[in-house]
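Colleague: Just so we're aligned, residue 8 is where the sequence shown starts under the numbering used here, counting upward by one.
Source of the hints: derived by calculation from the structure; they are not laboratory data. Be a bit skeptical, because a hint or two may be false.
[As the list claims (entries may be wrong)] Using 20 Å as the maximum straight-line C-alpha spacing, the simulated PhoX-like pairs for lysine-lysine come out as follows:
#, residue 1, residue 2
1, K68, K188
2, K69, K155
3, K155, K209
4, K155, K68
5, K155, K188
6, K155, K92
7, K92, K209
8, K55, K188
9, K55, K172
10, K69, K188
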Amino acid sequence: MNSNNSQQKPPFYIRNFKFLVFLLFVVLLVPGYFLFINPENQTYRTNKDLLANQERELEQKKNQLLELRKTLVNYESINELDRAKVREILPYGPSEPDLYINISSLVEASGAKLETINIELNEGPGGGPSEESLIQDKKSALAGGQIKTARVRLSVSEINYTKVKSLFNLIENNVRLLDIKSFNFNPSEGTLDLVMVAYYLK
Numbered sequence: 008m009n010s011n012n013s014q015q016k017p018p019f020y021i022r023n024f025k026f027l028v029f030l031l032f033v034v035l036l037v038p039g040y041f042l043f044i045n046p047e048n049q050t051y052r053t054n055k056d057l058l059a060n061q062e063r064e065l066e067q068k069k070n071q072l073l074e075l076r077k078t079l080v081n082y083e084s085i086n087e088l089d090r091a092k093v094r095e096i097l098p099y100g101p102s103e104p105d106l107y108i109n110i111s112s113l114v115e116a117s118g119a120k121l122e123t124i125n126i127e128l129n130e131g132p133g134g135g136p137s138e139e140s141l142i143q144d145k146k147s148a149l150a151g152g153q154i155k156t157a158r159v160r161l162s163v164s165e166i167n168y169t170k171v172k173s174l175f176n177l178i179e180n181n182v183r184l185l186d187i188k189s190f191n192f193n194p195s196e197g198t199l200d201l202v203m204v205a206y207y208l209k
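Between the sequences and the hints, there should be enough to build the whole structure, so can you do that?
Modeller: In structure tokens form, the structure reads like this:
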């Protein structure tokens, strides 16, 4: 009887140990890929595509800004209609309420939801100029092309890849000059954090 026991086959898990280890690896790997790795890859590819588009648009904005500087140098010699167009693209003063309304309308038009918006003026520690100084300095600013910036940070929800592209396109074609500096798009959560620069004359 002892002889029969000694000749018994080893248990199933021992005989198929390598196969079971491989099977366990596959069982753990496949869900892990779809739950963690694949979404991260999709996010990376999406952001890479959006970033490439923004780099092209940034180059276009630089050229547009150079053309505006040339126009400002000759501001006094252009007609009133062209002056009005310049003021729409590059307003005198930051016009924060108008800028807030402008950006809110762009987000709404894309089909997304604006959560927060913060506008920081590049005016130094003294803050923005008074209305009187704005009036006094307007002519010299237009002639000298003194362009200032306002940094705009916003958080957007209820957004997907299609809506992001739509929003970026709306920003690109916006009347007032806006320049996207950085963004963080999270497709799985449907959120977008965006940093832009708005230009104005001072």
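Colleague: Failing hints, ascending?
Modeller: none
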